[in-house]
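A.B. asks: Sequence:
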Amino acid sequence: MRLAKHSIERAEGNFNMEYFDVAFTLAYQAMLHAARALLFRDGIKERSHACVVVYLKEKYRRNSRLIKYFNLLDSYRISRHEIVYRGGNIPREEASSAIEDAKDFLNTVENILEPQR
2 MRLAKHSIER AEGNFNMEYF DVAFTLAYQA MLHAARALLF RDGIKERSHA CVVVYLKEKY
62 RRNSRLIKYF NLLDSYRISR HEIVYRGGNI PREEASSAIE DAKDFLNTVE NILEPQR
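Numbers given in the numbering used here equal positions in the sequence shown, counted from 1, plus 1.
Keep in mind the hints are simulated off the structure, nothing from the lab.
All C-beta atoms in this analysis are idealised placements derived from N, C-alpha and C, irrespective of residue type, glycine included.
Errors might be hidden in some of the hints.
Said to hold, decoys possible - Straight-line Cα separation of at most 30 Å, DSS-like style, residue types lysine-lysine; simulated pairs:
hint	residue 1	residue 2
1	Lys69	Lys104
2	Lys46	Lys69
3	Lys6	Lys58
4	Lys104	Lys58
As the list claims (entries may be wrong) - Using C-beta positions, here's what the derived DEER-type ranges look like:
hint	residue 1	residue 2	range
5	Leu40	Arg87	33 to 39 Å
6	Pro116	Ser49	16 to 22 Å
7	Glu47	Thr109	28 to 34 Å
8	Arg3	Lys60	18 to 24 Å
9	Ile45	Ser65	20 to 26 Å
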């Protein structure tokens, strides 16, 4: 979760500098790190970004709130791919939404992991 929080801080900093594509990518990265924390708790090692989503959707299929975040993570994964490999752009509003979604997801995951501390 430390890496996830660090990525959020960097996302906000880049957003303030109006580097919306970088901010979006870092918000996605924060969500991915938080998702990976759930996998690690289960003793699962991720092999691909897409597989993280597949595993979590199956594991938490009855939790509609988490499924919403996993769907966002998958959507952001595709957008991130466009940014990184095709030089796509992200509007301010989309970067802002991604950062807020990432913060909410991190809080949700921390609450899930809390009993283990």
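A.B. asks: Next step is simple, just say for each hint if it's right about the structure.
C.D. replies: Against the structure, the hints come out as follows:
1. For a cut-off of 30 Å, the pair hint linking Lys69 to Lys104 stands: about 14 Å separates their Cα positions.
2. For the hint linking Lys46 to Lys69, the alpha-carbon distance of about 22 Å falls within 30 Å, and the restraint holds.
3. Restraint check: the Cα-Cα separation between Lys6 and Lys58 comes to about 23 Å, which is no more than 30 Å; the hinted pair holds.
4. Simply put, Lys104 and Lys58 have alpha-carbon atoms about 19 Å apart, close enough for the 30 Å limit, and the pair holds.
5. Range check, Leu40 to Arg87: about 28 Å between beta-carbon atoms, so the 33 to 39 Å window is missed.
6. Checking the proposed 16 to 22 Å range against Pro116 and Ser49 shows it is violated: the Cβ atoms sit about 29 Å from each other.
7. Here the CB-CB span from Glu47 to Thr109 is close to 19 Å, at odds with the stated 28 to 34 Å.
8. Separated by about 23 Å at the C-beta atoms, Arg3 and Lys60 satisfy the suggested range of 18 to 24 Å.
9. The hint said 20 to 26 Å for the Cβ distance between Ile45 and Ser65, and at roughly 22 Å that hint holds.
Violation of the numbered hints given earlier is confined to hints 5, 6 and 7; the remaining hints are satisfied by the structure.
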